[in-house]
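One-letter residues, chain by chain:
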Amino acid sequence: MLKYLKKYRKWCILAPIMMMGEIFMDLLQPHLMAKIVDDGVLEGNMQLILTVGIRMILLVLFGGLCGILSGVFANLAAQNYANDLRKDLFSKIMHLSFRQIDKISTGSLVTRLTNDVTQVQQMVHMSIRMVVRSGLMFLGGIVMLYQQSPRFALVAAVALPLIVGAAAIFLRMATPLFGVVQARLDGVNNVMQENVAGARVVKAYVKEEHELSRFDLANDLLCSTNLRVATILAFLSPIINIILNACVVAVIWIGGRTVEEGLPLRPGAIMAAITYLSMLLMGLMSMIMVFQTFTRALASAKRIREVLDEPELIRDGGFAGDTGGRTGEIEFKNVSFSYPSSGGKKVLEGVDLKVNKGETVAILGSTGSGKSTLIDLIPRFYDATEGEVLVDGVNVRDYDLGALRAKIAMVPQKAELYCRPIEANIRWGKDGADPWEIKRAAEIAQADDFICATPEGYYTQVTEGGHSLSGGQKQRIALSRAVLKDAEIMIFDDSTSALDLSTEAKLYRALEETRPDTTKIIIAQRIASVRGADRIAVLDNGRIAACGTHEELMQSSPVYRDICFSQLKEDEQ
Amino acid sequence: MTQNGENKTALPRGFETGRATQEVSYAKKDAAPQKTNTVDLRGRPGGGRGGPGARMAAAVEKPKDLKKTLRRLLRYFGRESGLILLLFFSVIAVTVTALIAPSLQGSAIDRISEKSFDSLPRTLILLAAVYGVRVLFTLSQTLTAAHLSQRTVKRMRHDLFEKIDRLPIAYLDTHSNGDVMSRMTNDVENVSDTVSQSLGSLVSGVLTVVGTVAVMLWHCWQLTLISLVTVVLTVLVTKKLSGVMRKLYRRRSGALGALNGHAEEMITGFRSTVAYNKEDDVIAEFNAASDELRTVGIKADILGGSMGPVMNCISNIGFVIVAAFGGFFALKGMITIGTISAFIIYAKQFSRPINEIAQLYGSVQTAIAGAERVFELMDQPDEDNRGEKPMEKIRGDIRFEKVNFSYIPGKQVLFDFDLDVRPGEKIALVGATGSGKTTVVNLLMRFYPPDSGHIYIDGVDIYDYTRDSLRKNTAIVLQDTVLFSDTVEQNIRYANTEASEEEMRRAAEASNSAYFIERLPEQYATYLKHAGASLSQGERQLLAIARAVLADPKILILDEATSSVDTRTEKRIQDAMVRLMANRTSLIIAHRLSTVRDADKIVVMDHGRVIETGNHEELLEKKGKYYELYMTQFAGNQI
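As you go down the protein sequences, you meet chains V and L in turn.
First residue of the first sequence? That's 0 in numbering that gives the first Met the number 0, and the numbers climb one at a time after it.
First residue of the second sequence? That's 0 in numbering that gives the first Met the number 0, and the numbers climb one at a time after it.
The set of hints was computed from the structure by calculation and includes no laboratory data.
Each statement offered as a hint is correct.
In silico DSSO-like pairs for lysine-lysine, Cα to Cα no more than 30 angstroms straight-line:
| no. | chain 1 | residue 1 | chain 2 | residue 2 |
| --- | --- | --- | --- | --- |
| 1 | V | 102 | V | 2 |
| 2 | L | 298 | V | 91 |
| 3 | L | 162 | L | 471 |
| 4 | V | 6 | L | 298 |
| 5 | V | 6 | V | 86 |
| 6 | L | 277 | V | 301 |
| 7 | V | 413 | L | 410 |
| 8 | V | 91 | L | 277 |
| 9 | L | 392 | L | 600 |
| 10 | V | 505 | V | 413 |
| 11 | L | 600 | L | 410 |
| 12 | V | 206 | L | 153 |
| 13 | L | 392 | V | 206 |
| 14 | V | 86 | L | 277 |
| 15 | V | 102 | V | 413 |
| 16 | V | 505 | L | 622 |
| 17 | L | 298 | V | 301 |
| 18 | L | 471 | L | 388 |
| 19 | L | 331 | L | 114 |
Turn these sequences into a full structure, and let the hints steer you where they fit.
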């Protein structure tokens with residue numbers, strides 16, 4: 000991931016240089032001050048006080064300028080770096096295959112793109128700035144201290160291991176507790192979530208008191224754990240302060256003894272030594288902090304690299320998709336499929352199915368029978384493990400991905416809407432569609448009525464996750480989008496489950512009227528939804544158990560009859 | 000499209016209202032993530048104590064009624080008066096010792112320069128003692144603040160949770176869960192942390208400034224006045240910079256919110272992005288958002304980062320001023336060298352609290368705005384708790400009389416709704432979505448009060464019964480099953496904690512859920528994580544039925560799930576429901592043919608009115624609305 004930094008090499012070099020400037024100025028000052036005190040004040044040399052004073056102010060200004068510039072360069076480097084990284088990462092994510100997305104999970108991808116990138120950005124910023132700063136302050140402090148008197152350096156030598164030891168012990172004690180705090184917080188959130196989301200059940204069973212005691216338990220646990228962490232950390236800073244203060248006392252005492260012994264040491268130097276000592280220790284403390292952020296950021300960097308290093312699994316075929324007269328024909332030839340995570344267990348096995356142009360084929364089967372997997376193979380969301388899938392007589396692997404997917408309009412089970420006006424959500428299906436087209440699509444999808452009933456009509460804003468809409472409304476907007484796409488193949492993946500059957504029936508009727516030539520594949524669980532399809536394929540345990548019209552299947556397929564009887568009553572037929 | 004010219008002037012219905020409001024909607028969208036994001040940022044400091052001033056500049060919200068909220072907040076903390084006293088005492092002790100220490104240090108240096116080495120050890124011992132006292136009280140200050148904060152958080156959260164369970168359903172239905180939750184966690188924590196920490200800082204800040212100036216004046220007033228120059232500089236610069244910075248940080252969190260929102264939306268909606276070949280558009284949008292964040296971020300961080308060096312600069316200039324003038328005064332014999340050493344520390348010491356107080360101002364304001372949100376929730380009216388009559392041994396006779404209801408004024412949902420259910424009857428409510436079926440249930444459970452009209456159970460108005468006894472006599476099984484993160488057993492026992500082990504198991508048998516529970520790793524003692532996310536939808540439904548069986552209510556309300564599960568589970572659910580309904584008055588929002596066929600009475604609803612009632616055969620013969628519904632909805636004759 001360092002290669003992203005190459006472009007900003009000059010900032011990366013300039014920032015630490017400027018930082019060095021700032022630190023040198025900081026280090027020089029106590030020394031100059033000692034000079035003012037020892038040579039100026041004690042010797043009664045006002046002239047020297049003034050000249051050194053002016054020199055000091057100039058140095059201070061120079062140091063400040065260096066400090067600001069160092070910040071500017073470090074920010075330019077870190078933020079540009081993070082920006083490039085973020086863009087590449089997002090683009091990479093958009094080109095991952097479904098298999099890879101499933102493996103990492105969408106939630107984790109979002110975190111990597113946001114939190115982890117920020118962590119890495121901070122790390123870059125820190126390493127070109129803080130590392131230099133704390134390191135220089137530490138080393139410079141030691142050198143300057145030694146210069147005042149070697150004995151002072153001895154004080155530092157004793158104090159250092161003590162401080163490092165104390166910090167290490169306390170951080171080691173507190174660190175595992177951070178995980179516990181997180182778990183306790185989840186506990187509190189859990190009870191809360193359940194009560195807010197399940198308020199009807201809590202109230203209906205009059206369980207308010209029970210829930211309150213459950214919450215109190217979780218709340219107590221969280222607060223006591225928080226308190227434990229706070230208590231441990233509360234000791235850290237006083238202990239470090241004790242060490243620091245003891246050092247100050249020691250320096251003065253040693254200074255006094257040195258002067259008493261008649262060795263060359265002056266009061267100004269003692270004052271400077273105190274300042275250097277605190278600088279040195281501050282440098283050390285911030286090194287510990289930097290180290291902590293580093294370990295966290297390295298974990299983030301690893302998570303980002305995992306995504307960037309994912310191989311490109313789906314290869315474009317390059318076939319542009321001009322199949323002449325054959326449009327909307329789909330064929331599965333002996334297709335088998337298994338998810339990598341399922342340990343070779345086949346979700347689909349030897350599926351043969353041909354769907355002709357303009358035909359409506361319904362796929363029926365219980366949860367887990369492989370319906371969604373089967374249709375995911377058509378737009379190459381996944382690739383078949385064995386056998387081949389043909390669209391218009393051409394293997395889907397030979398298509399240019401864009402060209403293949405342009406032929407297909409797919410409505411997923413869970414309507415995916417975006418925080419934009421309804422109109423823009425529908426227009427997602429076809430760039431530059433005009434209002435009339437959008438309205439027409441919504442009419443077919445039975446969405447126009449409810450959209451027009453809202454005060455802002457098509458410009459109604461869809462809120463995050465579409466919470467302002469009912470499940471059926473969301474599905475109808477997603478359906479409108481697919482209708483607008485005007486593709487040769489339409490696939491409905493149980494995407495009408497939240498519609499009542501009369502609305503669903505109207506939708507299919509409107510589609511049949513306006514799009515007679517479009518091939519339609521419908522996944523559904525309700526017999527009533529699929530009854531009127533040209534053919535119904537019954538999927539059972541990854542195999543096609545039967546295929547035919549409703550009447551044929553009632554005669555020939557026991558599995559179909561079974562499903563029917565559970566939904567309609569036996570004597571119905 | 001040939002009539003393109005027309006299109007521009009006459010837009011289709013649904014679009015015409017829009018044009019004008021379009022800008023508004025976009026503006027709303029921009030504003031929304033910004034707000035939620037600041038909450039997030041505050042909620043998780045995540046190592047981001049960042050540069051100096053980062054806290055101060057993280058977008059400040061303005062409270063609406065500062066005084067009132069503050070008073071109420073202080074009352075909350077006031078209950079811990081012992082802790083607060085201890086906190087104040089510690090703070091004062093720390094401040095005083097911090098004031099004494101530099102003077103002692105200065106006099107120690109004087110001893111050396113005067114070469115009076117005999118008295119040096121005594122001074123140093125005194126100095127060490129003062130340091131020791133300071134450290135002790137620092138410790139007590141931190142610990143007290145932590146206890147104060149945690150205790151207050153705990154109580155506030157408890158109160159808030161208690162409130163949430165007392166809120167009317169209407170409130171929860173109209174507010175997003177995320178909003179309510181964020182008040183419980185982020186706001187509460189933020190409020191108590193800020194208050195308990197800033198209480199100490201404020202006191203110590205004021206004390207330090209006053210004390211330092213006093214001690215300095217006592218040492219040498221001329222030098223004090225001169226050092227005050229740096230204070231003025233500090234205050235001016237801080238004020239100037241933080242104003243600009245606040246704006247920049249607000250813009251940055253807006254940009255960050257937009258970026259995160261976009262990323263989350265596009266990654267979770269990956270399927271639709273890919274299916275519509277939208278990858279390139281989406282990437283371009285993301286890149287634009289990312290660039291914007293970088294630009295604003297660089298500006299904000301450079302400014303924020305300059306704060307440190309600038310302050311450093313000012314304090315160093317102060318240092319030179321003190322050294323130069325101090326040297327001059329020392330030459331004149333007005334002060335000693337030790338005084339200079341003390342002044343250098345004092346000058347540093349008092350510019351720090353001034354910065355801190357300036358920063359506190361911002362974070363306290365944000366915290367108070369958070370407190371306002373918390374109190375606003377606490378001030379919501381409780382759920383209606385009318386009625387004194389306990390409901391006991393009812394027959395289960397339900398009557399709706401001329402009930403009118405609307406969720407939003409002006410949009411009526413039920414019109415003069417009448418319904419008569421005799422004890423033990425099974426009533427199926429049928430109708431298109433939005434016809435008012437669920438509303439009937441909401442009113443019967445007293446989740447919402449009717450606008451007019453009455454609902455009677457056994458001839459008594461339900462608002463004359465106590466609310467709890469009404470609900471105890473009715474059980475509901477909802478479409479979206481609600482399970483709790485607890486053991487299977489506790490989930491079944493939810494309605495009836497006193498039930499014996501035997502009764503609990505019988506309920507599981509009766510609801511057909513025993514078969515899968517026994518296959519769970521620890522059977523009935525299995526802990527359901529994440530509210531039963533590991534169970535299939537069918538299994539969750541069966542558990543909800545088991546719960547209702549154990550509740551053994553006189554009145555049962557069922558909202559049948561629309562999406563079905565696999566064939567065998569479906570059968571099990573059906574059987575369990577039939578068993579559950581036996582000997583009870585049941586009200587079913589029906590989606591299944593078998594349910595309507597078996598119902599004693601079918602009530603067909605349309606736009607908030609009952610339009611047909613009768614049993615299946617009667618209604619079919621009528622060839623009215625039910626017939627139409629039946630043909631399309633249940634038999635699915637036309638596709």
